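Trainee: Protein sequences appear in the order of chains A and B. Take the first sequence: its position 44, counting from 1, is numbered 44 in my numbering, and each next residue is one higher. Take the second sequence: its position 399, counting from 1, is numbered 479 in my numbering, and each next residue is one higher.
It is worth saying that the hints were derived from the structure and are not from the lab. Just to be clear, a hint being listed does not mean it is correct.
[Unchecked claim] Computed far set for chain B versus chain A, every beta-carbon distance over 10 Å: (1) Pro114; (2) Lys169; (3) Ile188; (4) Arg207; (5) Tyr278; (6) Ile292; (7) Ala344; (8) Lys384; (9) Asp393; (10) Thr397; (11) Asp398; (12) Thr405; (13) Lys446; (14) His472; (15) Asp510; (16) Val516.
[Claimed, not checked] Calculated lysine-lysine pairs in the DSS-like style (CA-CA distance at most 27 Å, straight line): (17) B:Lys420 <-> B:Lys381; (18) B:Lys381 <-> B:Lys244; (19) A:Lys24 <-> B:Lys455; (20) B:Lys381 <-> A:Lys24; (21) B:Lys451 <-> A:Lys24.
[Stated by the list, open to error] So these bits of chain B aren't anywhere near chain A, every CB distance computed over 10 Å: (22) Glu331; (23) Thr491; (24) Thr555.
All values derive from a computational prediction rather than experimental measurement. For every residue, glycine included, the Cβ atom is placed at its ideal position computed from N, Cα and C.
Chain residues, written in single-letter form:
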Amino acid sequence: MDSSLHELWHTTASGSPFQPAVGKGSQFLVGFVLLLIGLALTGGFAFNRSLVNLPVYGVPAGLAVAFGTVYMFCAVGVYV
Amino acid sequence: MKFTGIAAACLSLLSTACANTSAAGSASSKVVLPSTFKPPQVFNNANLVHIISLEKNYVKESINVLIENASPDPQDEYFLPFTSEQMEKIGGFEVKDRKNSGIVGFTIDAVEFDPSRQLDSDIQFYRIKLPAPLSPKDQQTLGISFYYLHALKPLPASIEQTDKQYLTYAFSAYCHSAYPTLKQKTEIKLPSADVPDYTKIAGNGETKEFPIKQGSKLTYGPFPEVPAGASSPATVRYEFNKPVTHVSQLERDVEVSHWGGNVAFEERYTLFHYGAKLSSQFSRVKWAQSQYFSPQTFALKEMKFVLGAGSKDAYFTDVIGNVSTSRFRVTKREAVLELKPRYPIFGDWKYPFTVGWNADSSNYLKKSGSKFLLKVPFIEGPKQAEGVEYEHVDVRVVLPEGAEAVNFYTTAPETSIIEHSVDIVRTYLDTVGRTVLTIKARNLVDELRDRELIVSYEYSTAAALRKPFVIFTSTMTVFVGMWLLSKLDVSFSTK
Chain A
1 MDSSLHELWH TTASGSPFQP AVGKGSQFLV GFVLLLIGLA LTGGFAFNRS LVNLPVYGVP
61 AGLAVAFGTV YMFCAVGVYV
Chain B
81 MKFTGIAAAC LSLLSTACAN TSAAGSASSK VVLPSTFKPP QVFNNANLVH IISLEKNYVK
141 ESINVLIENA SPDPQDEYFL PFTSEQMEKI GGFEVKDRKN SGIVGFTIDA VEFDPSRQLD
201 SDIQFYRIKL PAPLSPKDQQ TLGISFYYLH ALKPLPASIE QTDKQYLTYA FSAYCHSAYP
261 TLKQKTEIKL PSADVPDYTK IAGNGETKEF PIKQGSKLTY GPFPEVPAGA SSPATVRYEF
321 NKPVTHVSQL ERDVEVSHWG GNVAFEERYT LFHYGAKLSS QFSRVKWAQS QYFSPQTFAL
381 KEMKFVLGAG SKDAYFTDVI GNVSTSRFRV TKREAVLELK PRYPIFGDWK YPFTVGWNAD
441 SSNYLKKSGS KFLLKVPFIE GPKQAEGVEY EHVDVRVVLP EGAEAVNFYT TAPETSIIEH
501 SVDIVRTYLD TVGRTVLTIK ARNLVDELRD RELIVSYEYS TAAALRKPFV IFTSTMTVFV
561 GMWLLSKLDV SFSTK
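Isolated chain A (complex conformation) (with noise of 0.2 Å):
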C-alpha cells in the first residue's frame, strides 16, 4: 500500500483524464475501414506474389490489418 497515491490523484490537478486514440463511437469505422484497406491490399498482393511486393502491398495491408483487429474488438465490446 503507497499512502503517497492518494495525495497524488487528489492533487493531480494537472494529471490530465486518459482519452484514447480513437474514441469509442468511432472504433467501428476505423476499424472496419483498416479492415477493408487490409484486404484489397491482400488482394492486390494475391494477383501478384512478387518479392518486390511484399513491401509495397503486404507491409501496409499487415498494418492494417493489425490495427483493424485491434479496433474491431473493441468495436465489438471486448475492450482488449
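Model the placement of chain B on the given structure of chain A, informed by the hints.
Mentor: Relative to the frame of chain A, chain B by itself:
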C-alpha cells in the same frame, strides 16, 4: 522510425516474458504474542459510551472512550478484548481521535497468540497503537468503530411468508475492556419501537432498572466503576421485517483497456438470506396477494445499484442466463441499475448472480507523468436501506498487457484487507498476458461502498503496440508463405 518502434516492442515483449511479475503480500499486519499475555494495566477508561446500532442487517458498534494514562510512564498501546467468535465476525475496524480529527496515524493490529501453546482463555485482542505516546495522567478521546457480520439470529427461526421477522442479538451491557472503566453506558439503536424482549438488569442511583427505553432506543447505564474484563450478558429481540442480505463471496473485476478507452466492471455475487426460514412451502399466489395488499416483507425482492456517472451497457445474468427483470436508468449525475431477482429470496435461500457495466476511461483513469492512475470504488454493491454485508471480497484489477510497477492504495479499512498479489492473466489477443492486481478483503459492509481504490502503473508505448505487432507479424508470415508457395514449381515436367 517504424523499425525502431517495432524493435522496441520486440525487446519489451521478450523482457516481459522473461521477467517474473508475480508478487504477493499480506496487507493486514498481525502481532504474535505468547498465550499467557495479559495487557498491562496502564490505562483507565475515564468515560465510555458504547453504541450498538442494529438499524441495519449487520451490527455496527462504536466505542467512544476517554482514556487516561494511569501509569508513571508514557504509553502508546491500548488493547481491546474480543472473544474468538467475535474475532471471526468482526470487520471494518477503525480508530480516530474524537476531539481532533487532524490526529491520524493510529495503527491497528490483530493480536495472534503463539499457536504452539494452548490458549488459557478465549479472549483475544486488537492492539491500537496511538500516533504519539500518552504522557502520565494525560487523556485522549478515541472513537473506535467496527462491524459484526452474521451476528443476528432470527427468532422464531421459521415463520410463514406473510409473518413479521424478529431478530435477536446477544451483547454485554458493560463494554468489554481490558482496563477499569470509571463511568460508562451502552446504547442500543433499533430499527423500530417494536421490541418484545430485552434483558433487564438492576439499576443504580435513581434508576431502579436498566435499560431505559425511549422509542427505538435502549440505554443501559450510566454505570459506576466497572473492573477490567467485566461482562453483563444481555439479549434483545426486535422486529426486523427486512431481508438479512449476506454476500458470502463477491468477485469484482475491473478491466482497463487503453485501446478501447474503457473500464469494464463485472461483479459476481454469491448471495444468501440469513433471516427466518419459511415454515411451510413457498406459495406464489400468497406472494402475489401480499405484494398487492402489504408490500412490506422480509424477502429480498429487489436491489438497486447506484453506479458512477457515464456507466453504460449494463447486464444482469444468473446461472440460467440473462434476467430480463432489470431497469437501467441513466441521468447526467448517476446511473442506477434496478434488479429484481428471478424469485423473491427468503431466509436460508441462495441467489448467485452477475452484474456488469462499462464506463469511459476518462472518468477513472489519469495520466500523471510516466504513471497512469486509476481510481475506482473498492466495492460498489447494491444500495439497500436495510444494508448488505460481505464476507469475502476479491477485487481484481486487470491492467493492460505489459503494465508494470503496479502499486495501490485503498481507503477501505486496512484491518479488512487480508492479502494482495500481482499476477498474469491471459485473455483475448494476449501474448504474455495482462497484469492483474488482486486484493482480498473480508468482513465488509455496504457503508464502506464509497471507499476508493487507487492503482498506479507504468505502461510504455512499446507494450501498447504489442497487440497490433503480433497481428502484423502473423499477417506478414502468411504473406511470406504465399510468396514462397508461389515460387514452387508444381507443374508436370515434359521429360
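Trainee: Would you mind marking each hint as holding or not holding in the structure?
Mentor: Going through the hints against the structure:
1. Pro114: Holds, because the least Cβ-Cβ distance between proline 114 of chain B and chain A comes to about 29 Å, which exceeds 10 Å.
2. Lys169: 24 Å, holds
3. Ile188: 14 Å, holds
4. Arg207: 19 Å, holds
5. Tyr278: The claim holds: tyrosine 278 of chain B sits with its nearest Cβ about 42 Å from chain A, beyond 10 Å.
6. Ile292: 43 Å, holds
7. Ala344: At about 6 Å from chain A, alanine 344 of chain B fails to clear the 10 Å cut-off, so the statement is violated.
8. Lys384: 25 Å, holds
9. Asp393: The claim is violated: aspartate 393 of chain B sits with its nearest Cβ about 7 Å from chain A, within 10 Å.
10. Thr397: 15 Å, holds
11. Asp398: 20 Å, holds
12. Thr405: 23 Å, holds
13. Lys446: 4 Å, violated
14. His472: 20 Å, holds
15. Asp510: Aspartate 510 of chain B is in fact no farther than 10 Å from some Cβ atom of chain A, at 8 Å.
16. Val516: Its Cβ never comes within 10 Å of chain A, the nearest being 15 Å, so this holds.
17. B:Lys420 <-> B:Lys381: Cα-Cα ~6 Å, so holds.
18. B:Lys381 <-> B:Lys244: Within the cut-off at roughly 16 Å; holds.
19. A:Lys24 <-> B:Lys455: Since the Cα atoms of lysine 24 of chain A and lysine 455 of chain B sit roughly 20 Å apart, the hinted pair holds (cutoff 27 Å).
20. B:Lys381 <-> A:Lys24: 36 Å, violated
21. B:Lys451 <-> A:Lys24: This hinted pair holds, its Cα atoms lying about 23 Å apart.
22. Glu331: The claim holds: glutamate 331 of chain B sits with its nearest Cβ about 19 Å from chain A, beyond 10 Å.
23. Thr491: Since the minimum Cβ distance to chain A is about 7 Å, threonine 491 of chain B lies within 10 Å and the statement is violated.
24. Thr555: At about 4 Å from chain A, threonine 555 of chain B fails to clear the 10 Å cut-off, so the statement is violated.
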